[in-house]
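Q: Chain by chain, the residues:
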Amino acid sequence: MESLSQIVQLIFSGLTIGSIYALIAMGFVITYNITGVLNFAQGEFAMLGALVCVSAVGAGLPYGVAIIISILVVVLIAGLFERIAIYPARHSSVPTLIIITIGVAIAFRGIALFIWGTEPHMLRPLTDGQPFSISGAIIQQQSVWAIGVSLLSLVAMYLFFEKTFVGKAVIACVVNRFAARLMGIRPEKMSFLSISVSGGLGAIAGIIIAPISGASYNMGLMLGMKAFIAAVIGGLSNAPAAILGAMIIGLLESFTEGLWTTGFKDAVSFGVLLLVLFLLPNGIFAKSSGKRV
Amino acid sequence: MKTGIDLLYNRSLKGPLLLLAILLVLPIVIPSPYVHGMMVLVGLYTIVGTGLSMLMGYAGQISLGHAAFYGMGAYMSAICTVKLGWPALAGILAGILVAIVIAYIIGVPALKLTEHYLGLATLGFGVIIFIFFKQLKSVTGGLDGFSGIPALNVFGIEFVTDMDYYYLVWPLVLCGILFARNVIQSRVGRALRSIHGSEVASNAIGVNSQTYKLQVFMMSAAYAAVAGSLYAHYITFISPQLFEATASINFLIMVIIGGVANIWGPLVGAMAFVFLSEGLKEVIPMVISNAGGEFEIVFFGILLVALLIYMPEGLLPSLQKLVGKQFGTKKAKPVAATPVVTASAEQAETPVRMAGGDK
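As you go down the protein sequences, you meet chains A and B in turn.
According to the numbering used here, the residues represented by the first sequence are 1 to 293, in order.
According to the numbering used here, the residues represented by the second sequence are 1 to 359, in order.
By construction, these hints were calculated from the structure, which means they are not laboratory data.
Note that the structure is a prediction, hence the values are computed from the model and not measured.
Note that the Cβ used here is the ideal one computed from N, Cα and C, for glycine as well.
Among the clues, some could well be false.
Claimed, not checked - Label pairs and their in silico Cβ distance ranges:
| no. | chain 1 | residue 1 | chain 2 | residue 2 | range |
| --- | --- | --- | --- | --- | --- |
| 1 | A | Glu162 | B | Val101 | 49 to 55 Å |
| 2 | A | Leu151 | B | Val200 | 38 to 44 Å |
| 3 | A | Ala59 | B | Tyr167 | 55 to 61 Å |
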């Protein structure tokens, strides 16, 4: 029984962290497919979302309002980032674009360090209920929120892309940029839109994780890199696969941590990244040909 | 045939001699140990940067994990001298060897990847190596770091002060640059540039791009390991945080600020990086009272983005253009006298403009 409860516990914490990664990985996939940019600043959106929310709550705003404001702020920042950094460099080579997004990530980190300092901030949980137990495992309410909210956001994303006109226009750009332009869709506009949306997704992820592991200026790097791994496992172009990849990484980490050692948790994730890149560069679910010349 | 070789090999010693002169005069003009210390760091970063510039600027392959090789050099030196009692030189050689072997092992699968995927793979590799530095406590000392690394002692000559290291590091920088220049201007260099232009096309005309990429990757790893070893002996204390992903990115920043496809670019970049960050550490607390010591990273982030958008070739080519305009009349004569050689020299120094043009 002891081991069963432990396993349930590990599964739950794996899914919690996995759903956070899923939200950020979703942002990667959207951005990558529309702009061709692997946005290394994606994790920083989560950091900004969490810290803006901390400040908004600290300023005495009601929790719900604070969340909405911080998501909007990050969406705005992401949009500005697209206009200022990505748009003028859209014809540059891949290494240049990678380094531009790294530069932006560094700048965001520095600005956050300046505003919020080095010490981690805690955000109170969305609901202050007691943790409950499922077959002996203690589950925090915030974990349920994390999984629920990210599932909800992902469903909302799905509906946006499949059912709305704008969403379909974005997808059209993913499928064939040139043809989309011929149909009167402006890829530049879609690029702006996609990065803004991924900013929003990142912000939600940050706000959800802040009550669980705190919010600090340097949380974005690791979150971003883990979400990368998730997206790469999924093949970088397939959103549902990226979500599955995120869950795999979350579970893998929680089990490594629970059953083996905390120290090598990240090494395991990055080991998986290397294995997938070397053996299945198109992701574990893809059959089509990818870039591996 | 003679002119054909001249076209390819720029054996002009003007640049190296100028640098040598500046280096010899500098300690006399500025006798501050603080500046000498910074110059040692500039030298070490230039060594790493020269290797990276061969890999990125010429062969067109990105690496986001070079701090790992830098760290391998540093840790091998520390372990060999402190734990095994080997002479310093043996430790340095061991570091180079380990870096080359690991670069080979990781390079074979990684260099088959392109663009973003290669960036991700090298980033992941860097993170894994960092975790090993952190976790293998019995060997590396873990997060507490590795202290008590002896000062460098080569054939009875002891290097202790900043000045000693200044005179040790800079000749090595010069050798590193000259060696890299020879490689770049040889047949190998042409192959690398063709890979940068188009890998498929290079393969089609008979360039074994995989082998060349692997060789240049191993070479850049060796450069990083040399610098890491010297750094360990110079600072005498190392800890894993020095070799984090951030450090890899800093190397990248330096190379790009300076000019990635220019043999002197890493030197300019390292100098700009070190002196800017030191300067900002002094200036920022004066302007913004409650700013922490790490605040200069905002500046670097913004500088990097602005530079890449408005000056994608880096500082050096732009500086050269500026200087060229200033001294335009002076330089006009030699150009007219030996048009072939001068044109070739310029071509050899800025290959990316040709390679990047068709992108």
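Q: None of the hints should be skipped; say for each whether it holds.
A: Structure-based check of all given hints:
{"no.": "1", "hint": "A:Glu162 / B:Val101: 49 to 55 Å", "in the structure": "50 Å, holds"}
{"no.": "2", "hint": "A:Leu151 / B:Val200: 38 to 44 Å", "in the structure": "43 Å, holds"}
{"no.": "3", "hint": "A:Ala59 / B:Tyr167: 55 to 61 Å", "in the structure": "57 Å, holds"}
Taken one by one, the earlier hints all hold for this structure without exception.
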